[in-house]
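*Asks:* Residue numbers (the working numbering), protein chains in the order written: chain A, 42 to 422; chain B, 42 to 422.
It is possible that some hints are incorrect.
Identical copies go unnamed one by one, so any copy, or any two together, can satisfy a pair.
Stated by the list, open to error - Calculated pairs, DSSO-like style, for lysine-lysine (alpha carbon to alpha carbon, straight line, at most 30 Å):
id	residue 1	residue 2
1	421	386
2	287	355
3	386	287
4	326	355
5	140	355
Treat the hints as calculated values from the structure; they're not laboratory data.
Number of protein chains: 2
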Amino acid sequence: MLDNLEKFTNLKRDIAQINLDPLQRGGILTPAARAALMEWGDGYSICDFCAGRLDRIKTPPVEEFVHEVLPEFLGTDEVRITHGAREGKFAAMHALCEKGDWVVMDGNAHYTTVLAAERAGLKIEYVPSSGEPSYAIRAEGYAEAIERAYEHKGNVSMAVLTYPDGNYGNMADARAVADACHDYGVPLLLNGAYAVGRMPVSARDLGADIIVGSGHKSMAASGPVGVLGASEEYARIIFRLSPTKKNKEVELLGCTVRGAPLLTMMASFPAVVERIRSWPEEVEKARWFVAKMERLGMEQQGDRPHNHDLIFFKAENLYAISQIAKKGRYFLYRDLKDHGICGIKPGLTRQFKLSTFGLSRAELETVLGAFEEIIISYAKA
Amino acid sequence: MLDNLEKFTNLKRDIAQINLDPLQRGGILTPAARAALMEWGDGYSICDFCAGRLDRIKTPPVEEFVHEVLPEFLGTDEVRITHGAREGKFAAMHALCEKGDWVVMDGNAHYTTVLAAERAGLKIEYVPSSGEPSYAIRAEGYAEAIERAYEHKGNVSMAVLTYPDGNYGNMADARAVADACHDYGVPLLLNGAYAVGRMPVSARDLGADIIVGSGHKSMAASGPVGVLGASEEYARIIFRLSPTKKNKEVELLGCTVRGAPLLTMMASFPAVVERIRSWPEEVEKARWFVAKMERLGMEQQGDRPHNHDLIFFKAENLYAISQIAKKGRYFLYRDLKDHGICGIKPGLTRQFKLSTFGLSRAELETVLGAFEEIIISYAKA
Chain A
42 MLDNLEKFTN LKRDIAQINL DPLQRGGILT PAARAALMEW GDGYSICDFC
92 AGRLDRIKTP PVEEFVHEVL PEFLGTDEVR ITHGAREGKF AAMHALCEKG
142 DWVVMDGNAH YTTVLAAERA GLKIEYVPSS GEPSYAIRAE GYAEAIERAY
192 EHKGNVSMAV LTYPDGNYGN MADARAVADA CHDYGVPLLL NGAYAVGRMP
242 VSARDLGADI IVGSGHKSMA ASGPVGVLGA SEEYARIIFR LSPTKKNKEV
292 ELLGCTVRGA PLLTMMASFP AVVERIRSWP EEVEKARWFV AKMERLGMEQ
342 QGDRPHNHDL IFFKAENLYA ISQIAKKGRY FLYRDLKDHG ICGIKPGLTR
392 QFKLSTFGLS RAELETVLGA FEEIIISYAK A
Chain B
42 MLDNLEKFTN LKRDIAQINL DPLQRGGILT PAARAALMEW GDGYSICDFC
92 AGRLDRIKTP PVEEFVHEVL PEFLGTDEVR ITHGAREGKF AAMHALCEKG
142 DWVVMDGNAH YTTVLAAERA GLKIEYVPSS GEPSYAIRAE GYAEAIERAY
192 EHKGNVSMAV LTYPDGNYGN MADARAVADA CHDYGVPLLL NGAYAVGRMP
242 VSARDLGADI IVGSGHKSMA ASGPVGVLGA SEEYARIIFR LSPTKKNKEV
292 ELLGCTVRGA PLLTMMASFP AVVERIRSWP EEVEKARWFV AKMERLGMEQ
342 QGDRPHNHDL IFFKAENLYA ISQIAKKGRY FLYRDLKDHG ICGIKPGLTR
392 QFKLSTFGLS RAELETVLGA FEEIIISYAK A
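Given these sequences and hints, build the entire structure.
*Replies:* Put into structure tokens, the structure is as follows:
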């Protein structure tokens, strides 16, 4: 078994020119981040001049990035680096909630929010979405969910809003959700995995007490890496120091991202701040793409007009093709790949999501042309 | 604040030719790992063809690596990828122990073992070392520590042995420790952060029920990444599935290292397996280095003869120099740097640790020559 190992080296990605995967569009490295990977790739290179705490390293300037720049960027009091959004959510829940407590979350929540709650031993009360076609999350739903948990004699110690969610790209009214939760004294955690690094987000302006973001999903960083921000009140608990190991934060096990991923996040950061300034154009482009796709017979689900690059489509016309196509439900994946396009999950036709983030109109024209050609080719057949 | 950000790009490491840092010697990337970083650097690139679970990805061949190769390599039933040794220890403790339980660990334990226990809400009973100069950990100490915890009416749900420890590079008799713990029905977790990837280790042969290793510390990988192995009995609990999210492992929050660090571990793996075959020469080289250093007036602490590349020295002669040197206690760091050598913490003189791992005898001759020259130069002054 330990003899034939060369297969694990020289592995190449097999990826098309245009990638529509929402998971990947915001995590494409900048040239500066690629340079950082090469310079800081060796294990523990970030620790060259460490005095014992990752977030206090001065060379490279991690301390300034974590303690000055990121709090300003996220609009929160304290920030730490995590392994990603899910690890940030778990850290916050584990630190702030007691086993057996209840957490309230939107019905569109990412599966990792559920896992974080399960791992922390919490019970979950969902705020259901309005269902097809808008899948909207109402702020009043949070009050109702908290009340339902109370009926179970539950202690509700956290609420989570996915902003936007990872299925429909819906942007709920976070400020109203925060107000609803605060009426019950429940802190709100904003899962900004698809927001932080793509669009302007201020935890403070939205009323979120805690915020998580993902470096590899939306901050042009090589994962796993994320950010966890909290207002002073909760930061004190989440980032509490060990009673026995001087200067070490218990919930972070001392240090989190002890390596290159953090340096890639830092290296990409100026470009990320810059691209956020173009967010209105990103939204406009997404809406333009939606209009064109709908003219081809597909229906966008979720917020209308849409406010994010992550877009969910229902496509009965493509589903009909899958019933007759030679390759069955895999026809769409393969035909798009023939057009140099990837990122829609193999086998999906009737409903799928994609992202237009960072793609030019010309590239999106290619995508639209491919869909059109595919639909026409099967209509002929 | 968000205007002057260019400082976070183009950061360069400032490192000497010969690096003695025990933290870094085993994490230097192979050329194949460097290539993997470039190929797989983009966020979530590993998910190109994922069907929902990191450890089941077939392209690239993560599934074979995690489910076939690594269990064989570690001598255990089940293995998963983690963010590092500390995250593996916490996952095991969090899954297997109840808040308020006791964990028994060696007095030489890494601080992250303590933090993992604190984060999991566990009480700690230490197995004290024999102290200066050998700092040895006796197997009987585990039985005694478990008995002491029982006196507190404690439930002892795990024992940890640091193998070797990160201060003295001591290799305790793990088999005897495992037997002592098993006499009480207590599972043993072996912290192999400085072993796995450097030397042969089989959890099964040593009697360890759980084992953690570190990719960035000892497996020539870009961090953070590690391995967590467990025998069937404990793997079932640690890697339990979510009751609500199909196929997702709760304790791992679904997936852990969703990015390039895992690919670097895989790319380096053939070279790591190969270098482990040279472990006897590594030990011989370490002993030779110790003998030469002692001839220069420094005293090695810990196991004698020494069995690992991580070596702790007491150096009263260097301490004496620090009392008169112009740069005070920083003289050693700066003088070694002038000789192209780094890796001993700035400010340390009286006691310090270093590693000879992967350095050639010629490079170590340079190190010995530098120590000699430094000592002589101050003797003259």
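*Asks:* Are the hints correct? Go through all of them and say.
*Replies:* Hint by hint, here is what the structure shows:
1. Proximity of residue 421 and residue 386 under a CA criterion of 30 Å is satisfied intra-copy only: 25 Å inside one chain copy versus 73 Å between copies.
2. Only between protomers do residue 287 and residue 355 lie at most 30 Å apart by alpha-carbon distance; the minimum there is 24 Å, versus 55 Å within a single protomer.
3. Proximity of residue 386 and residue 287 under a CA criterion of 30 Å is satisfied inter-copy only: 18 Å between copies versus 47 Å inside one chain copy.
4. In this assembly of identical chains, the alpha carbons of residue 326 and residue 355 lie at most 30 Å apart only when taken from the same copy (19 Å versus 65 Å across copies).
5. Taking the closest pair of Cα atoms, residue 140 and residue 355 never come within 30 Å of each other, the shortest separation being 39 Å inside a single copy and 47 Å across copies.
Hint 5 alone, counting from the list given before, is not met by this structure.
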